[in-house]
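**Q** Listed here are the chains, written in short residue letters.
Number of protein chains: 2
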Amino acid sequence: MNLTVLGCYAATPRTITNPTSQVLEMQNRLFLIDCGEGTQVQLRKNKIKFSKINQIFISHLHGDHCYGLIGLVSTFMSLARVNDLHIYGPKGIKQIINLQLRLSNSWTNYKLIFHELTSTESEVIFEDEKVLVRTIPLKHRVYTNGFLFQEKMGERKLDINAVQEYEIEKCYFQNIKNGKDITLEDGRIIPNDKLSFDALPPKSYAFCSDTIFDESIVPLIRDVDVLYHESTFLDSEAHLSGKTMHSTAKQAATIALKANAKQLVLGHYSTRYPSIEMFREEAQTIFQNVLLADDGKSFEFD
Amino acid sequence: MNLTVLGCYAATPRTITNPTSQVLEMQNRLFLIDCGEGTQVQLRKNKIKFSKINQIFISHLHGDHCYGLIGLVSTFMSLARVNDLHIYGPKGIKQIINLQLRLSNSWTNYKLIFHELTSTESEVIFEDEKVLVRTIPLKHRVYTNGFLFQEKMGERKLDINAVQEYEIEKCYFQNIKNGKDITLEDGRIIPNDKLSFDALPPKSYAFCSDTIFDESIVPLIRDVDVLYHESTFLDSEAHLSGKTMHSTAKQAATIALKANAKQLVLGHYSTRYPSIEMFREEAQTIFQNVLLADDGKSFEFD
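Residue numbers (this note's numbering), protein chains in the order written: chain A, 1 to 302; chain B, 1001 to 1302.
By construction, these hints were calculated from the structure, which means they are not laboratory data.
Built from N, CA and C at the ideal position, the CB exists for glycine as well.
So the derived label-pair ranges between C-beta atoms look like this:
1) A:237 with B:1121: 48 to 56 Å
2) B:1139 with A:52: 34 to 42 Å
3) B:1139 with A:44: 31 to 39 Å
4) A:49 with B:1243: 24 to 32 Å
5) A:44 with B:1121: 38 to 46 Å
6) B:1289 with A:108: 37 to 45 Å
7) B:1108 with A:288: 39 to 47 Å
8) A:45 with B:1289: 30 to 38 Å
9) B:1099 with A:46: 29 to 37 Å
10) B:1110 with A:49: 35 to 43 Å
11) B:1099 with A:45: 23 to 31 Å
12) A:113 with B:1243: 23 to 31 Å
13) B:1244 with A:240: 47 to 55 Å
14) A:271 with B:1223: 43 to 51 Å
Chain A stretches covered by chain B per the calculated footprint, using a threshold of three residues with CB under 8 Å from any CB of chain B:
15) 65 to 73
16) 94 to 102
Work the whole structure out from these sequences, hints included.
**A** The structure is reproduced here in structure tokens:
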């Protein structure tokens, strides 16, 4: 599991900071999460293959999370994209994109499929054989969802020495990986755990931005491997977090602690602070394993 | 008169090139022309004062000329803009911006005034005491206008030696600047041209992008000081210009020649060519005074 942060600063893009966008690589799938203005250029800078992105998840319709989407959709056109593109986001996103395509007399040569979200309960919005994605309803100034990406339990690993010892033929290997016991020709039954190892534990990633401090998300993200939680402010500006419906670094750490997350990644920093290190220091008074997102930074979670 | 090119490359923004946007400074006014994705960052990079921009002119609704507009409108909000903002552009532009503001539950704290264009004849769309702006109807794949910016004839310059010699009092100076003759106390009439010099000739700037080669614009831009004309292609790709409704460098130079422009600025380059110098070389086979626009380049026209 790999996370590349394209942008992680609050509000408007500036010469040295970019609004929210990140690419999660999970089981060889590339999921684009949020798409602030300039995301397509950040994708190029970070050498992400455009054609490998087939799903885009938009948390909410504030500009710093979605104004780069129409440009990316258009660029996919000029790159002669073939694959379908699925966009998951709040109701209205389809109208925004289609209106602009219509007025510029441009239609995508690939299939553009919108999955508009309206539920305020967590729901499964994507599932294939290896990954499942659920929404995490968040509380912000407009309708907002975070997203929980979960690997499915993988196949068991073949114990190659054991299968050779029992002289088991290749045609049974898939059954072993699927957890089945094997009956030898002499009638002996070999239990699966003598022929295979446990699969690697499935990984999970929760993206929670933008949101006010809200403990009601804790059950949804319990035991998550990596929690990205917005921390727009430090505690010294906690008085602003209510009005703007953002969180502080301390609050993000509190959610990580209560959810028993293994790792917390902070981001969505207000640009008022001289150093993002301050966010880590504050969060670590509550939760130890804190990483700082930054534009262009990649994290490998293995 | 000063032109700052924020972006001048065709199609999608890339790490080193930006889509169309430029700032024309004329008589202390800053006019923003087109607003591709990333324009607000380019404004910052080029240290253009956001608050001095009160008029934005959008040529057409292709993404590389307008996808940065919603971001700029939003950033003006977070900068607590006070001045009215006037946006001139094709019909539909108001719907695009207002839909996105409505869905993000954001409304501008300043007055946002749209001037939607539908005419296929040239028309005056802006006028104040010093500057006049007319549309230049262009032929492209969607409804498109270029823009002709014209200084109005300024005041005559006072001949300070002459007024001292005739002992003319200060209260008459404005009349002299306005071109009036002066009657002295002894009855003598001093003709204005003995007391003042001609005003500097008013300057003009024509922005023509995107467009197919179209001689019908020549009468509208005759004798213009500076003509910015798109040159997406070189002559070797002239076969593409008809289908895409763009121009070659040679065609841009032909328009400059026929219009008796003093200066031609080329831009809107396709990124297929290894060097933009090739555009100058080709254009100069037809018209001598050729400048090459480039991202971040400023031109002073005095």
